[in-house]
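Chains A and B, in that order, give the protein sequences. Going by numbering that gives the first Met the number 0, the residue at position 234 of the first sequence is 233; the numbering climbs one at a time, nothing skipped. Going by numbering that gives the first Met the number 0, the residue at position 92 of the second sequence is 91; the numbering climbs one at a time, nothing skipped.
These are calculated hints, taken from the structure and not from any lab test. Be aware that a few hints might be false.
[What the hints assert, rightly or not] In silico contact screen, one side only, chain A against chain B (beta carbon under 8 Å); selected entries: (1) Asp48; (2) Gly50; (3) Ser245; (4) Lys251; (5) Thr252; (6) Met253.
Note that CB positions come from ideal geometry on N, CA and C, so glycine has one too.
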Amino acid sequence: MFNSNQLGKSDQTGFDYEIRDNILLLHKSLTLPHVNSFVKQILKKFQKDHGTTVILDLNGLESIDSAGVTSFYYLEEKLSEFNVQLTFRGGSDSIRKKMEIFKLEKSTHEKKSDKPPFLARIGEDVHFFFFEYVMAFVILAANVTYWSITDIFISKTHRKGEFYNQAVLIGVNAVYIVGILSFIIGLVLALQSAAQLRNFGANIFIVDLTVIAMMREMGPLITAILVAGRSGSSIAAEIATMKVTSELDALKTMAMNPIRFVVVPKMHASIVTFPFLTIVADVMGILGGMLIANFYLDISPMVFINRMGESLYNRDILIGILKSFIFAGLIVLTGSFFGLRVTEGAEGVGKVTTLAVVVAISLVIIADSILGLLFYR
Amino acid sequence: MEKNPCIIEVNDLSATFEERQILHKVAFRAFEQEITVILGASGSGKTTVLKHILGLYNIQEGYISILGKNLSMITESEQKKLYKAIGVFYQNGGLLNSLTIGENLGLPLEQHTDLDDEMIRSIVMLKLNLVNLVNVYDHYPSQLSGGMLKRAALARAMIMDPPLLFCDEPGAGLDPVSLASLDSLLVNLKLQLGISMVIITHQVSSILRIADRIVFLEEGRVIFYGTLSEALDSGDPDVRDFFNKGMRGYDSSKNS
Ligand SMILES: Nc1ncnc2c1ncn2[C@@H]1O[C@H](COP(=O)(O)OP(=O)(O)OP(=O)(O)O)[C@@H](O)[C@H]1O
Ligand SMILES: [Mg+2]
Chain A
0 MFNSNQLGKS DQTGFDYEIR DNILLLHKSL TLPHVNSFVK QILKKFQKDH
50 GTTVILDLNG LESIDSAGVT SFYYLEEKLS EFNVQLTFRG GSDSIRKKME
100 IFKLEKSTHE KKSDKPPFLA RIGEDVHFFF FEYVMAFVIL AANVTYWSIT
150 DIFISKTHRK GEFYNQAVLI GVNAVYIVGI LSFIIGLVLA LQSAAQLRNF
200 GANIFIVDLT VIAMMREMGP LITAILVAGR SGSSIAAEIA TMKVTSELDA
250 LKTMAMNPIR FVVVPKMHAS IVTFPFLTIV ADVMGILGGM LIANFYLDIS
300 PMVFINRMGE SLYNRDILIG ILKSFIFAGL IVLTGSFFGL RVTEGAEGVG
350 KVTTLAVVVA ISLVIIADSI LGLLFYR
Chain B
0 MEKNPCIIEV NDLSATFEER QILHKVAFRA FEQEITVILG ASGSGKTTVL
50 KHILGLYNIQ EGYISILGKN LSMITESEQK KLYKAIGVFY QNGGLLNSLT
100 IGENLGLPLE QHTDLDDEMI RSIVMLKLNL VNLVNVYDHY PSQLSGGMLK
150 RAALARAMIM DPPLLFCDEP GAGLDPVSLA SLDSLLVNLK LQLGISMVII
200 THQVSSILRI ADRIVFLEEG RVIFYGTLSE ALDSGDPDVR DFFNKGMRGY
250 DSSKNS
């Protein structure tokens, strides 16, 4: 049996091997570009020869790098799984020395134990998810709620002016974007319905439709989704960074409670500003609807407002406000939750930030549908 | 040297994170008005031991008492009282990035005392002077150099005049002159104010200047525990090696 292989021909320092029975002769230089195909070919060749010994002859080898050495030890281990033994023969001093230097410690190589069966794994995952996430979230929520209520009257646990800062960051700075987008959505909503309503000659119901949809659903939801994107992410990033740089530990060992110091002011600020943001969204959305009603359906603003007074009930307004409180709480909680869960390292901060936004928006939508069912008329 | 009262006792402390055992039955004691140095290679578990002592990790196995309080059975209010009696210098600073240096240092005073702003400001100034920092009161931490940050963090650790001070690698990354002055500051604090300290460092020059007692960690195990002079006479090859290499100046290039 004789065959010869030329690998990586374009390479100046080519690599080459021959197989004579169970002796494997290596030539020239075994380096990173050649390792992959070398290992694959050898494994394929010998893995069926159970019980044999393969001799790896290094005499023809001129040089080798760490990848080459690793491939030897990798082959040795893999082949032994097929009951094929690999032994080394010859080799210059420099080759032998490199093999010594790059030798893997056996302990770092140990195998992970076999995976448990499929159903058991699912069980474990569910258990893990429940205790790692759901329970932890509930505990954090309880903590934050407790401190948010007690700290309404105690201002010493956080910095002076922190509430104001956060209110500006979370609420005031979001007014423009919330206003503009709500206006556009109100416009589109009315436009889509206008064509249908005109077919039925039910023009005036455009008012009921936009007003109730904006007040009960779209206003709170648009606000929550936008704020989750803006502030949910920044809350998560801020808290995660504080954790990674030991700021939270430092607060703790200075006898301060990080939740009261960091999370509570954000909670207060968002609970207070959220209803106002929602009202901005409602008003702007309705204005959008009014515009369409005026130009497409010939309903003047005066008529629109009169009809609005008839079709809108206090209940709708209250439901919208109630939703906005709940969304505000959810967003701050989710941001804080993921911020606090960061594992060391700057790359972890990016990860939890993304997660926080995705989960916050999902929770908002889920909560919205639950509330929608509860208050269905 | 007659023995001062024991203020920290760590006994058979073991810890496992993510199925990897990080600490193996760590045991040592620290005494009042002494500087206890914890040393060991990077990744040997020094910071982990410190965080256990500070109550930032739950104790999985073993026993820690600090200032006479058993950490496993401590109540929340006792823990708070304890925190007011210690100062901590964190390995990566731990200053709040959203506050200026002045606000950072003033924060514990603002929270735990009834002092008025004027008074707080002068105490902060005094502490900044102590570490040779001037004109940084209104700077944010991100505007300071690495060495200045370290000194600011040290000033904050001492802001409440705690009787017990913990420092995680205060000298890392400092030039030899700054390092020497930091060391003499620490020694003076001990001698003049009677502050006890637990300091993590692996700079041999520092250890020789400041250490009273040494805890040598290797892969989560204490391989030597004793006074500085005992360490210098130790027959343990690893300990001898560490001091010999360090004294030949190899460690000055090491800075993390
Ligand atoms: N929260 C954690 N989760 C998992 N592993 C951890 C955790 N904290 C520390 N470790 C591991 O524990 C070991 C010791 O870490 P530690 O930070 O105590 O080292 P150190 O002695 O302070 O090192 P350095 O001198 O580099 O600061 C490291 O291998 C680290 O990966
Ligand atoms: Mg450390």
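For each hint, the structure was consulted:
1. Asp48: 37 Å, violated
2. Gly50: 36 Å, violated
3. Ser245: 4 Å, holds
4. Lys251: For A/Lys251, the interface hint holds, since the closest Cβ of chain B sits about 7 Å away, which is under 8 Å.
5. Thr252: Cβ of A/Thr252 sits 5 Å from chain B, so the hint holds.
6. Met253: Nearest chain B Cβ about 5 Å off; hint holds.
Consistency note: the structure conflicts with the earlier hints numbered 1, 2.
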